[in-house]
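My request is simple: use the sequences and hints to build the entire structure.
Those protein sequences? They're chains A and B, same order as listed.
The numbering of the first sequence is the numbering used here, which starts it at 1 and goes up by one.
The numbering of the second sequence is the numbering used here, which starts it at 1001 and goes up by one.
The hints are simulated quantities; they were obtained by calculation from the structure and are not laboratory data.
Hints should not be assumed to be uniformly reliable.
Stated by the list, open to error - These stretches of chain B come out as covered by chain A in the derived footprint (C-beta under 8 angstroms, 3 or more residues):
1) 1065–1071
2) 1088–1101
3) 1125–1134
Stated by the list, open to error - Far from chain A, some chain B residues (derived; all Cβ distances over 12 angstroms):
4) Asp1004
5) Ile1109
6) Gly1172
Claimed, not checked - Computed Cβ-Cβ distance ranges for the label pairs, DEER-style:
7) B:Asp1026 / A:Ala23: 42 to 52 angstroms
8) A:Thr2 / B:Ser1116: 23 to 33 angstroms
9) A:Gly139 / B:Tyr1050: 47 to 57 angstroms
10) A:Gln36 / B:Gln1063: 48 to 58 angstroms
11) B:Pro1089 / A:Thr17: 47 to 57 angstroms
12) A:Asp176 / B:Ser1119: 51 to 61 angstroms
13) A:Ala5 / B:Val1185: 33 to 43 angstroms
Positions of the beta carbon are idealized from the N, C-alpha and C atoms, including for glycine.
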Amino acid sequence: MTRQALIEQILRQVYGTQPSDDASITPGLVNQMINQGIGLMVKQNYKEAIQLDGVGYVNNSFYLTYKGLAVSLDEQFIWKVNLPQIPIAIGKNEGISTLQFKSTEGEISKPVVWLSQDQVTYFQSLQQPTGKILAYQQGDHVYVYSTLILNQYTATITIVSGGDSTNLSSTLNIPDDYIPGIVDYVVKSLSQARLQIQDAANDGSDAIRTA
Amino acid sequence: MTVDEVYQLVLYSTAKNLQQGYVSPDDFNLTINQAQKSYASYLLGSFQQYTPGRPIARVEFGQNTIVRTRLAPIIYWYNLSVDSFGYSPYPGDYLQTDAMVSIYGYQRIRSVQQDSLYSYYNSVIDPVATNPIYILEDTGFRFFPNNISQAKLSYVRNPPTITWGYTLDPNGIPVYDANSSQQPVWDDAAMLEVIVRALAIIGVNLQMNVIEQYSMAIKNQGQ
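What follows is the structure in structure tokens.
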């Protein structure tokens, strides 16, 4: 299913028909809420895993691999990769899975070893493990500790992601069993917004309301 | 229904043959045009029927396909040229906007009221650069962004003037002239609605209660 298809489905549910041209609930707004709904569903999947299996994890279906990401120098021996989005905040770093580097010849490095934020503070006092690349993620950046010159490589990264939210024609990377949850969240939020009485007069006070 | 048939029906309703009233061609042309404007206004919706919290008339444009079908003869497409300030004048016969879309691809251009222009103009979720908007001004539309250059407007126009054209015979009696006449654009069902409105006006003018009552009965109960 593409994002556009899900957006259309949600709009038709909210309006009960095809929305008119001056509909205030726009595809852009729905698209933004879908991203938030995806986060909600990933968290639910994570919690369900703990409840059922006793171990927190996210189903493989939620992960997506992005290739060809540029690597830049941040500070000495610290390299930075910009992520396409901030990974979902589950576990310590379950939102981000694999990071590898690829040369122009197609050679691929071993995956980095992830550090959680507390490990970042003390690992530098320890002896560096040989042959390992260490990295941690903050926001939509990944910082990589390495003495290698990494900006001659591109990064391949696997993260929990619903896909490219800027391209509405792209496939939505969400398993079918979690789409109703997203729809439910978005439709409920938007339907509530539609019920609000609107201030239709710019009269210096939003207390006077007309429909 | 031709304008001549309409005129004959009006004459018959005012009981011309019974010498109770006579509607001259000029009076007919005046009243029938007023009546068709009244009918168009009725189909577009009457504000008087709004209730607090529910700004909807009993009959109004966009309500369903029936109303749209009735209005269809006066719904036109028009290509607007937009200047570098984002301004484009209304078409000369403009009455009300139906839809506004981009010239290619039918991408919507949303109508915005001045009192919420700031919010729409500065929206980051729907930036105007990719989600153009327009507002209504006294003489035309104002588009944002102003470099839109063209737009396609579907609008309800003023109904074209109906004219019962005539020549005078040797006795000075008007004789219908199809060549100088302007035919109504309405379908027959709509034309009857126009006629009853014309009769109401004529009834007031002639102070003929019977005509007014007949007109009101049709308006209220249907034809």
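Against the structure, the hints come out as follows:
no., hint, verdict
1, 1065–1071, "violated (count 0)"
2, 1088–1101, "holds (count 3)"
3, 1125–1134, "holds (count 3)"
4, Asp1004, "holds, 41 angstroms"
5, Ile1109, "violated, 8 angstroms"
6, Gly1172, "holds, 55 angstroms"
7, B:Asp1026 / A:Ala23: 42 to 52 angstroms, "holds, 48 angstroms"
8, A:Thr2 / B:Ser1116: 23 to 33 angstroms, "holds, 31 angstroms"
9, A:Gly139 / B:Tyr1050: 47 to 57 angstroms, "holds, 51 angstroms"
10, A:Gln36 / B:Gln1063: 48 to 58 angstroms, "violated, 36 angstroms"
11, B:Pro1089 / A:Thr17: 47 to 57 angstroms, "violated, 33 angstroms"
12, A:Asp176 / B:Ser1119: 51 to 61 angstroms, "violated, 36 angstroms"
13, A:Ala5 / B:Val1185: 33 to 43 angstroms, "holds, 41 angstroms"
In this structure, the earlier hints numbered 1, 5, 10, 11 and 12 are contradicted, and the remaining ones agree with it.
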